Amino acid sequence: MGANGPSLPDRARNGRLAVYAIAAAIGLILAFAPFLFGDVRSQQVAARICVFIVLVASYDLLIGYTGIVSFAHTMFFGLGAYGAAIALKQWGPGWSAVLVGGGAGIVAAAALAALIGVLSLRVKAIFFAMVTLAAASVMLVLASQLSAITNGEDGLVYVAPKLLTPATILFTGADGKAAKWFGVRMDGKIAAYYFVFLTCLVLFAALYRIIRSPLGAVLEAVRENEIRAEAIGYRVVAYRTAVFVIAAVIAACAGVVWAVWLRYTGPETTLSFAIMIDILLMVVIGGMGTMTGAVIGVTVMSLAQFYLKDLMGAAAEATAAIPVLPQLLNPDRWLFWLGILFILLVYFFPAGVAGTLMKKGTH
Amino acid sequence: MAAPSLETKDLTIRFGGHVAVNSVSCAFRPGELTAIVGPNGAGKTTWFNLVSGQLAPTSGAIFKDGRNITRLPASTRAGVGIGRAFQLTNLFPRLSVLENVRLAVQARAGDGWRPWRSVGAFPHLEKKAMAHLATVRLEDAAHVPAAALSHGDQRKLEVALLAAMDPDIFMFDEPTAGMSVDEAPVILDLIGAIKADRSKTVLLVEHKMSVVRALADRIVVLNNGELVADGAPENVMALPIVREIYLGVADAAP
Ligand SMILES: Nc1ncnc2c1ncn2[C@@H]1O[C@H](COP(=O)(O)OP(=O)(O)OP(=O)(O)O)[C@@H](O)[C@H]1O
Ligand SMILES: [Mg+2]
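If you read the sequences in order, they're chains A and B.
Quick note: the first sequence, position 80, residue 80 per our numbering, numbers continuous.
Quick note: the second sequence, position 225, residue 225 per our numbering, numbers continuous.
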């Protein structure tokens, strides 16, 4: 980040443009996803990409911009999701349940982040990472054990606010059912998608605003050299704690959106360490310390997770006549190929796709 | 005589059995440039670290304008006007040269806690930062990462960061160490200009006696963590202990 004048080499400027162009294209596709892809699965992928862009970007605020390693990001995500889910389950569908329950989850996330931050952000980074890992494990156990309110491993199934349910008609067509615009029914399903898209857009914009602000500049100073940052007058512990709380609040907001979209909340969809690993991989693929990289990393990784199996199934069929290949391309081996893809990405983009293209931080 | 702007009383720090700074008491006044000299390992940098808050003393106290600041964190000390540059260059390596200085200006202006406005909305901070870069002739390198600068230019940036803090107390730790003869004057001129503004207190750790002679109003000598001499340059330079300490240092002959 920071000022980049005319001395910036052309190559880096082109790379920067390429990254913004890719991110803008992804943004446009997400904005019109319901009109571009009719099927339910694609919309599920698009919504997941929206929510995870916010989740990964907020994590990058910690790890990439400020240099804080935390493993508790899913914990905050889960607090938001469970807050909304429990309220929706207990009170039935309604926006007040989303606002009050989700709000309570977000406040809990902020309080917990402040507590962890104040107690352990002064100590060594490795110790802090361990504390977050422990806290996240405890939260995962709590969610499974407190089955009276969380329904344990099975999780909670509930109904979304009425506006977002499929039966809702946004615009009535000639046939008395929901009107079709460009072939898409204007019903609650499309309202649900745009609820996800627009909330995530606002949250992402807020994050973007922060990294471009004077506060964002201080965060990078803390990452680069905390002793000097302190020496010129920035209270490092306070900034670290603040950014930890901000990231937790944004992750919790993403959790609320995710809970409303899925109409299901369980440990597997919000709190599991598999998701924490996904977040880490997405940050690394996109490029640490590049907010736009989150957009690219999440998209690449999500597409691979959802479609690699299909692609391999098709490839295995197409190569059925050739020996060995069909076995290699068997859809059951998709994780193996995902691993290969990841290794290739890291090899060709050591600083992540966005980071490498922008030639940030010439070492 | 003016009241002391900075004072240490019986300041002591122990590292295990080693006493790096041993009961150092001395006071400094605005308008005065004090050179702090002593052999390698005498405790000069450690004394600086105690004053600016990078280290906490084992015992003793530090006062800024009469206020006890011994327990304050380094950032708060910067806030009350204690600024220091480092002997070992200590920058934000991957940030641009301009951003390095802009951060110091921003800290001074108290604008660090603004999340909702763009950095671009504070053009006066950048303008000030550019002026500080111009003072050390680094304006052409403004957009280069600090890590890409030559050693000499990094030393200049180190000093520009201190100047950008605009403190009451300037602490320089061998600012021209390792710089070529044609680079050093930029920094010495800057120190001279700060001294000419009679409201500032300047502390300068320096091995080169020619520099000390040119700039110092007063010399404090540290040896083995202890303050062994303190006074006007001509008196201190004549002391046998100082001649003994500096024997063998090429530049030391008066
Ligand atoms: N953090 C530390 N832990 C242990 N010992 C230390 C520490 N910092 C400094 N020392 C020791 O304290 C003594 C004083 O060191 P200091 O760096 O203050 O000397 P100096 O006068 O600045 O020397 P130079 O002229 O070489 O810069 C040295 O013996 C050093 O090894
Ligand atoms: Mg030293």
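Honestly, the hints are just simulated from the structure, not real lab data.
All figures in this text were calculated on a predicted structure; none of them were measured in a lab.
The reader is advised that the hints may include incorrect statements.
[Stated by the list, open to error] Below, simulated DSS-like cross-link-like pairs (lysine-lysine); rule was C-alpha separation at most 30 Å, straight line: (1) Lys127/B x Lys195/B; (2) Lys127/B x Lys359/A; (3) Lys189/A x Lys177/A; (4) Lys359/A x Lys208/B; (5) Lys208/B x Lys195/B; (6) Lys208/B x Lys9/B.
[What the hints assert, rightly or not] With the C-beta cut set under 10 Å, the calculated list includes, among others, these residues of chain B facing chain A: (7) Arg67; (8) Leu103; (9) Pro115.
Note that CB positions come from ideal geometry on N, CA and C, so glycine has one too.
A quick look at each hint next to the structure:
no. : hint                : verdict
1   : Lys127/B x Lys195/B : 24 Å, holds
2   : Lys127/B x Lys359/A : 27 Å, holds
3   : Lys189/A x Lys177/A : 14 Å, holds
4   : Lys359/A x Lys208/B : 41 Å, violated
5   : Lys208/B x Lys195/B : 18 Å, holds
6   : Lys208/B x Lys9/B   : 28 Å, holds
7   : Arg67               : 17 Å, violated
8   : Leu103              : 5 Å, holds
9   : Pro115              : 4 Å, holds
Hints 4, 7, counting from the list given before, are not met by this structure.
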